[in-house]
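Chains as they are written, first to last, in my numbering: chain W, 1 to 171; chain U, 1001 to 1479; chain Y, 2001 to 2508; chain V, 3001 to 3101; chain H, 4001 to 4623.
Calculated directly from the structure, the hints in this document are not laboratory data.
Be a bit skeptical, because a hint or two may be false.
What the hints assert, rightly or not - Which residues of chain W face chain U? A few of them, derived with a C-beta cut under 7 Å, are:
| hint | residue |
| --- | --- |
| 1 | 85 |
| 2 | 87 |
| 3 | 109 |
| 4 | 115 |
| 5 | 133 |
| 6 | 151 |
| 7 | 153 |
| 8 | 155 |
Glycine included, each C-beta is placed from N, C-alpha and C at the ideal position.
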Amino acid sequence: MVELTLFVIFGICALFGALTMVWARNPVYSAMGLMLTMFSMAVFYVSNGAQFVAVVQVIIYAGAVMTLFLFVIMLIGVDKAEDRAEKIFLQRPLALGLLVLFGVGVLLAGRHVWVTGPAQGVDAIDGTIEAIGDQLFRRWVLPFEITALLLIIAATGAIALALFKNDGGDE
Amino acid sequence: MTILSVAPEVVIVVAIVMLLMVDVQWHPGHRWWGVAAAMGLTGATVAVALQWSQYRGDAGASFFSGMIAVDGFGAFAGMVIFPLAGLGLMAAWPLVRSQGGRGAEFVVLTLIAASGAHLMAASANLVMLFIALEVFSLSLYVLAGFTRERADADEAALKYFLLGAVASAIFLYGIALVFAATGTTSISGVGAYLTGNVLLLPQGVLMAGTAMLMVGLAFKVSAAPFHMWAPDVYQGAPGGITGFLASGAKVAGFAALARVLTVALGDRITDWAPAVAVLAATSIVVGTLLALAQTDLKRMLAYSSVAHAGFILTALVAGSSGIPDMWFYVATYSVQVLAAFAVAAVVSGPTEGRAPLSDYAGLSTRSPWLAAVLGLLMLAMGGIPLTAGFVGKVAVFRSAIDADYLWLVIVGVIASVAGLFFYLRVIVLMYMQPAGEGAGRIGVPAGARVVLAVAATVTVIVGVVPWPLLEWLRNAIPL
Amino acid sequence: MSFPILSVIIGLPVAGALVVLTLRRTELVLPVAVASALVTFGATVWLLVEFEVGEAGFQFVEQATWYKPWGVGWHLGVDGISLLLVVLTGLLFPIALAASTSVTHRPREYAAAMLLLEAGILGVFLSLDLLVFFVFWEVMLVPMYFIIGIWGGERRVHAAVKFFLYTALGSALMFAGILALGFLGGGDAGPTFDFVKLLDANLSHTAQLWLFGAFGLSFAIKVPLFPFHTWLPDAHVEAPTAGSVILAGILLKLGAYGLIRFCLSLFPEASVQLVPLLAVLAVIGIIYGAIVAIVQTDVKRLVAYSSVSHLGFVVLGIFALTTQGLQGGVLQMVNHGLTTGALFLLVGMIYERRHTREIGQFGGLATVMPRYAGIFLFVAFASIGLPGLNGFIGEFFVLVGSFLSLPAYAIVAAFGVVLAAVYLLWAYQRMFTGPITVEENRGLRDLGVRETLILAPLIVLILFLGIYPKPALDRIQPSVDQILQRIEQTTTYVVPDLGTTGFEVPGP
Amino acid sequence: MTVTPGWYMALAALLFVIGLGGILLRRNALVMFMSVELMLNAVNLTFIAAGRQLATIEGQVAVLFVMVVAAAEVVVGLAIIVAVFRRRKTASVDELSELRG
Amino acid sequence: MTAALVSLAILLPLGGSVILLFVGKRLPEPLAGILGTLTVAGGFACAAVAAADFFTGTGQAVTVRWFTWMPAFGVNAELGWDRLSALMTLVVTGVGALIHLYSIGYMKGDARFGQFFTYLNLFITSMLILVLADNFAMMFVGWELVGLCSYLLISFWFEKETAAAAGKKAFVVNRVGDVGFIIALMLVFSHFGTFRFETVFENAPGVLTTGAATAIGLMLLVGAAGKSAQLPLYVWLPDAMEGPTPVSALIHAATMVTAGVYMVARTGAIFQIAPVAAGTVAVVGAATALFAATVAVAQTDIKRVLAYSTISQLGYMFMGVGAAAYVAGVFHLMTHAFFKALLFLGAGSVIHGMGGEQDMTKMGGLRRKMPATFATVAIAWLAISGIPPLAGFWSKDEILGTVFNRGGAWTVLWGVGVVTALLTAFYMTRMMWLTFFGAPRWDEGVHPHESPAVMTVPLMALAGLSVVGGLVNTPFRTSLEHFLDPAFEAVRLSAAPTGTTALTLAMVSVAAALVGIGLAAARYRDRVPDETGFAWRLIGRGYYVDDVYGQVFARTGKLAAAWLAFRFDARGIDGAVEGVGALTRKTGGWLRPIQTGFVRSAAAAVVVGAVALLAWFLSRGGL
């Protein structure tokens, strides 16, 4: 019952946030909408037994990442509100049609049952740090190491692309 | 041997670290980068060669709790990718040098992309595959926009990035749905689940997941209609790196696609083969037709790569029996396309994005060897015999016919004739039309020379005597 | 295995091409190329001499498996049908090369392209593995494309591309057909592309029809059969002299050769069923090509259309499915190679002098160039099919041979004989007789020794084959009969019987 | 009424579609990028919900990896957007259409 | 021995031709001619020696086998030496030698003197191949080769456009006939499986149905009509007069044009089974005879008179062989060879003497200037007119008599023949009077003179033959018939009338001749009447048949060909080909706008693909 309540409330929040993000003309509002959705997600994670992930979601995602977004939004100007005119021929009707089809498709796919795979265990899972850490450093150690490469890319890439030295900029 | 399974990546990472640290400390310049990259790539190649020698054929195994597969398939991919990255860097070297100190980052990103590509081919787990794909793609996004002198590069990078992100999100969604449907993210696990169980429940989620996995990978290999980024990116990206961009994506993308389709979904071939066939046909037709109308060499090559993606997909309709043929095509085509873009980089400039075809008029007088190699490559891409391109076409069409996809073959052969038109146009320009006013001789940088020599040699030798390679692939790669 | 003469024959021009490319001195290029082509010719003559007359099967066979899973291998052999064409190829190349002294632009590449072309053509005639055959078939296009495109006339690029694409389109379907055939014919043992093995393939009727279509279209374009002929005039007009000689002399034969070797042998049922279609197209080609040739104003175009007409005879002969018709078809290929080759050489010689091929630009040439005129007339008459010259034998065999099975077609085709006289003699009249109308022509010099020597072998052969064709026919006949036997065994077709029953011609 | 993981997954599907909508309908590169993040979040929710039903923690691990990837992607993406903005003073992707045809 | 001699008869002229081809230019003028003449004369000698056995009655037909020619047809290069071919060989080489001799004088000073004899010798060779062939294929070879020589010699003076055109026309029209011949060959082979005369004729009654025989016969007739200038293929012969006069004499009067007659005679066994075909031959012959005779009446060019006269006389021969009077046909062939060659050579002599003038209205009164020519030509005139006892009378009379003797509808043909005889006498007399009698109407500067001996000697020889040639086969002494009998073994010959019928008929035809001569003599005795009225112009132009042909075949044909070439081919077929290429390229162009360059379009495309794949996969299960 609690879960249902949470689901309904935060489900509405998540959808509202998502729609806001898409709908808002000002990117700041979009960012706010997205943040709302992310928080709602965190709640869902908790209800699904993924406490640690929920924490990470809040701290890293809703916190750090969105902050980064906001920084950039500020950097490139908050006043850049988009006008709603569509330049591309047929883009909107096409997009809406496609979205509906896509959504209907996926929902139809899960109409009967969403999860068909065999249950791996009997107990309800508990996404504690221990449980996750155990997985992460045993079974998933290789992907974990590989993510290091992602970080190198992020670092070098950001430097390469956005670090304008005096000679770099040509404004 | 566990360490051997990740040895290529380890070597690459070591090389990256050495490169960066030495660079930061002593600023030795581009020579050092080259040495480091060469060592890294050579080491990685040796490592995958070792993998090949020990794990090919039936000896394939997986390591790190089923995260990475070491088998003929992955090793061969590495044996293509790492040298390809080396060639790509050689072709891109003038570009690297033109970037001053940022060149180090360029080299690093290329190395990372190479290992990402290899990991894509070797991943035995869908999540692992996703990470590898991101490693690979993110580095390419940066490389595409690396030069800051030109607006085109920005545009290319942003387009590539946004579309790539969408595609990988869809791909990831596919992983999630497949996970939900089968309870595992292991590629072979999915396959085992699908073959080993009588599935009583409706399979909608599995099917939706399959569709999205295909979207993500088809995007990577630029199959129509997921191809629209390719021409813009290839045209906008700096000439020097476009070759690696195009060829690497093909190798890694097809490796991943083939592994997912045949290992995870091999049991469902009757479901996906028709879809692959239609994708193939669409790509061939769309790529060919659009290439016909181009006036820019790089853009034309981009569309032609769309068509080639279609040809390669043609091999996949035969399922796992088509994989050696697919590899043959991918391996030879990737060298060709890399070299073709390398020519563009020489003629139009390493940092330039655009390469108007008019630049190539009379190229045979301005640089006979350049023209000869580009001509050869055009013929190879057009599928003229005695080049690897022809054997590749024989291979993939053979597979398709074996799988009773004659219609696809007919579409393919007719489109290849139409395709000849634009390949021939390049030759016409180079050999049958005079050079423009004031167009002097073109000097070919040493790196590009190596690339062209290798590409020409591979194209001709494999074209004339393809049997060893074919035999090799056939024995080594059953999944 | 005995000495691999056939591989050597294919390899010699390739080696020659490589040597030519490395030559530093330009003036050595042509002699070396000619020498290389002559050595190849020598090898083909050796083949001719050593050929066992009366044997129907393949001789000098070389066989090696290359790749079992694909069923592909190196399988060469020569029989009566290909033998003469191989020799013809060997003969025409040195001649064409020797006639190329006017090529000054990139002579090395030119000579190399010609020699590679020769290798490709020889490969097509000699391969007995369909995939290898196809390789040669396609590869041959490339040097020809360059020869037209680089060393051709004004609209060379258009012509070269058209030539390449048109023929490639045809061969694309054949390619699909070959692959399909390999699988259909291989059965459970895996695919095979070995021609000899495929002869035993038990193809369904439908499969035969489809495959015939795929192969046939490719060959029809190459021949070229009406209405697939329009690339030919363009290619001929723009090609340099040697290119035209080879194009008309040999390249066109490849199509007809393919029809005999592959369509008739591999798809007998379909062949028998499609005889009316092919015969109609052939006859249309005969008449149509000739009529269109009449009004051409460019000599090369005229000869090109005459080729359409002549090749129509060849195809008619082939699909007559009688021994005379088939023999005539094969012989006519050789004949056409000699005569049309000579005609193009002659046109090239006048072009070198006057840089025009417009018939209107000439007139009265016989006065200033009697030897040229005489040789031209001689060759023209060979082309018209005058008895005593080679063209007659071929046409006669074709006409009488096809009358046995396709009387109505043969009768219509016979009118092509009249038209041939009309277009060639009218052209001769406009070019060589009457008063000299254009001043530049007054100072033209007659053929020199070199030019006469270039033409001499063709003239001798034209006469020889016209008077004494038996040596050629003796070699053709067994192989041709074997094909007919096969057709009779595998289909309900019966080669018309001679003399006993006859057929009714409605009386008054 | 019990909330099954299926509910979450259905909700995730909706969010995913909305994210996709942002890509198709918005032309501010930043907003588009945020839409991608939304899609990734939707996928994460799917992973977690499915993982719960399957009684495996693998779903959660996968989510963690996705987050890392997303973070790296954000860095690179924002760097690209900034670079574009520096040159063009705009974040509208519609103006980046010089390469076409 | 015989074989060698027969071979030699062919090889001698051939050798002469080959030698002259290579060295002709370097030989001094008369030498080339002498060589040519000697080889032909040598051929005659050989033939005469070989034929001696036939004359003595002991000779047997001989087959001279050279080599295997076309194995698949069972055809060898073989010569058949029998009485008919022997006779033909003698005529060809005999008349040929005389004309060669004559040509030495006539062609004097021509720039291509040697070449002329090359061609002439080649012609003799070809003609001998034709008459000596022992199978259809060989005959066709000769048939075509004489056509070639005819082409070469008509357009010998190729600088003259009309000459070149005439040569081409002759060849092309002949080729039309050849199609018939070829079809006949095809029919023969498909029925008999061989081309050998002997086999074919022996088995013809058993193998051929009437229908088949008729078809073969009619096709042979088409061929013969081409070569022998019968309706409707006669148009080339008048134009052929563009050639040097000896050529006209040799080829277009004495030998080549009679090949059709020879062929019909040779293939009599087939015509025998096909009465309809044989009848058609006769009808065509009669029609041609009459038609050409009327046209000849209105010609002013001396050679054109003779040309139409030749056509007309050939018509007689056709009538004869059509009526199965083969001996009579061949007989007339022979006599005609003598007197028509003589007429042509005489005309040549006149033209030579007149400095190239051929228009009879500008001649007149030449008998004094050129007595030898006049005398000889006069003999030929009487011979052709059918005045006994000259050669033409006997042979013509035999034909007419045989035709009459067959009764029924044939009588009509006989009537036509008589009318033609009258016309023949009329136009020949007209020619004589316009040329040799009356007042000179020469152009200024023309000084007629008698030709040299090298030209007049052949005239005299031919005149002699024209006088006595008829005597070999008179109703009183049918030696030619006896001679040829073995050659026509397989054929049932029509008999000539005997007794009073024969006499009456002879008197009728002589009367017709005399009337013709009388009318013409009266009309042209002292003046040149005005002959420019419509009717004269109509027949003068040969009833405009040639013009109609020109319009219908040449002009319309050319227009049609141009339409085919420049519209249908270039625009239609090639347009379609190029169109496909262009369309493909254009399709690429049309697709380009889809590639908008907008990120969001690309994204939409991705989603389109995703939706499509989704739809496909969902349709495969799960719904």
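Evaluation of the provided hints:
The interface hint given for residue 85 of chain W is violated, since its Cβ lies 21 Å from the closest Cβ of chain U, which is over the 7 Å cut-off. For residue 87 of chain W, the interface hint is violated, since its Cβ never comes within 7 Å of a Cβ in chain U; the closest pair sits about 16 Å apart. Given hint, residue 109 of chain W at the interface with chain U, holds; its Cβ is 3 Å from that chain's nearest Cβ, closer than 7 Å. The beta carbon of residue 115 of chain W comes within 5 Å of a beta carbon in chain U, closer than 7 Å, and the hint placing it at the interface holds.
For residue 133 of chain W, the shortest C-beta to C-beta distance to chain U is roughly 15 Å, which exceeds 7 Å, and the interface hint is violated. Proximity of residue 151 of chain W to chain U is violated relative to the hint, the smallest CB-CB distance being about 10 Å (cut-off 7 Å). Hint status for residue 153 of chain W: holds, given a least beta-carbon distance of 5 Å to chain U, under 7 Å. With a cut of 7 Å, the hint placing residue 155 of chain W at the interface with chain U is violated, because the nearest CB-to-CB distance is about 9 Å.
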